[in-house]
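Participant: The listed protein sequences correspond, in order, to chains S and B. Just so it is clear: in the first sequence, position 115 is 115 by our numbering, and no numbers are missing. Just so it is clear: in the second sequence, position 80 is 195 by our numbering, and no numbers are missing.
Don't read these hints as lab results, they were simulated from the structure. A hint or two may mislead.
[What the hints assert, rightly or not] In the DSSO-like style, the derived pairs of lysine-lysine whose C-alpha atoms are separated by at most 27 Å in a straight line are:
1) Lys1(S) <-> Lys184(B)
2) Lys133(B) <-> Lys172(B)
3) Lys132(B) <-> Lys172(B)
4) Lys172(B) <-> Lys186(B)
5) Lys172(B) <-> Lys184(B)
6) Lys1(S) <-> Lys172(B)
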Amino acid sequence: KNQVEQSPQSLIILEGKNCTLQCNYTVSPFSNLRWYKQDTGRGPVSLTIMTFSENTKSNGRYTATLDADTKQSSLHITASQLSDSASYICVVSEGSSGSARQLTFGSGTQLTVLP
Amino acid sequence: EAQVTQNPRYLITVTGKKLTVTCSQNMNHEYMSWYRQDPGLGLRQIYYSMNVEVTDKGDVPEGYKVSRKEKRNFPLILESPSPNQTSLYFCASSLIPHSGANVLTFGAGSRLTVL
């Protein structure tokens with residue numbers, strides 16, 4: 001069964017500090033991996049997508065990495081801000097880029113940034 | 116504005132009283148899906164649809180029904196709601212395949228309480 005595991009489950013950091021969230025997956029065949037940010041009580045919003053051939057991708061203060069060999073991804077947040085407090089969800093898509101397959105969701109990492 | 120619209124946003128009902136949560140998207144997306152989100156469990160897929168008249172069970176389909184008679188609409192039906200269906204529900208849509216720019220767009224969520 002396809003699985004996506006995220007760690008840590010929750011994380012508290014001080015404003016201005018950096019942090020790294022982890023995502024391990026067993027989805028096969030692999031198509032792509034997305035990181036979503038979900039503010040409390042709202043729908044998730046995509047931060048970045050990683051395809052098989054990509055190792056690193058940045059979106060402002062967010063940098064995602066992918067190691068397709070070890071089936072691991074990380075999301076690094078630089079110089080955290082209070083608005084970064086949210087749940088970060090890793091979602092992996094199965095199948096080739098030309099096919100339609102089900103998505104597998106991680107349970108998320110709840111990040112709290114304190115002033 | 117491209118969006119996924121869910122209604123109602125908030126609902127309190129009683130056990131056994133049938134209810135429908137509507138979901139509509141204006142992006143001509145083939146893929147639509149329903150999720151429930153409970154504390155500590157993350158997003159869990161209830162049902163999904165690859166296109167009109169094509170629906171499949173997700174991870175937690177028990178107690179729910181869906182239909183996809185039109186491309187833009189994907190209602191979630193609770194024939195006989197029970198208290199364990201109290202949850203936050205999200206509808207989402209996407210072009211197929213789930214790669215590249217074809218990101219999942221989520222609705223704002225529907226908070227359901229079953230007494």
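Participant: Please go over all the hints and tell whether each is borne out by the structure.
Facilitator: Okay, the hints, checked on the actual structure:
1. Of the supplied pair hints, the one linking lysine 1(S) and lysine 184(B) is violated, its CA atoms being roughly 30 Å apart against a limit of 27 Å.
2. For the given pair, lysine 133(B) sits about 20 Å from lysine 172(B) by alpha-carbon distance, which is consistent with the 27 Å threshold.
3. As the CA atoms of lysine 132(B) and lysine 172(B) are separated by approximately 23 Å, the hinted pair is consistent with the 27 Å bound.
4. Distance check on the hinted pair: lysine 172(B) and lysine 186(B) sit about 18 Å apart at the alpha-carbon level, within 27 Å; holds.
5. Our distance criterion of 27 Å between C-alpha atoms is met by lysine 172(B) and lysine 184(B), whose separation comes to about 17 Å.
6. For the proposed pair lysine 1(S) and lysine 172(B), the alpha carbon gap of about 15 Å is at most 27 Å, so the pair holds.
When held up to the earlier numbered hints, the structure conflicts with hint 1 and nothing else.
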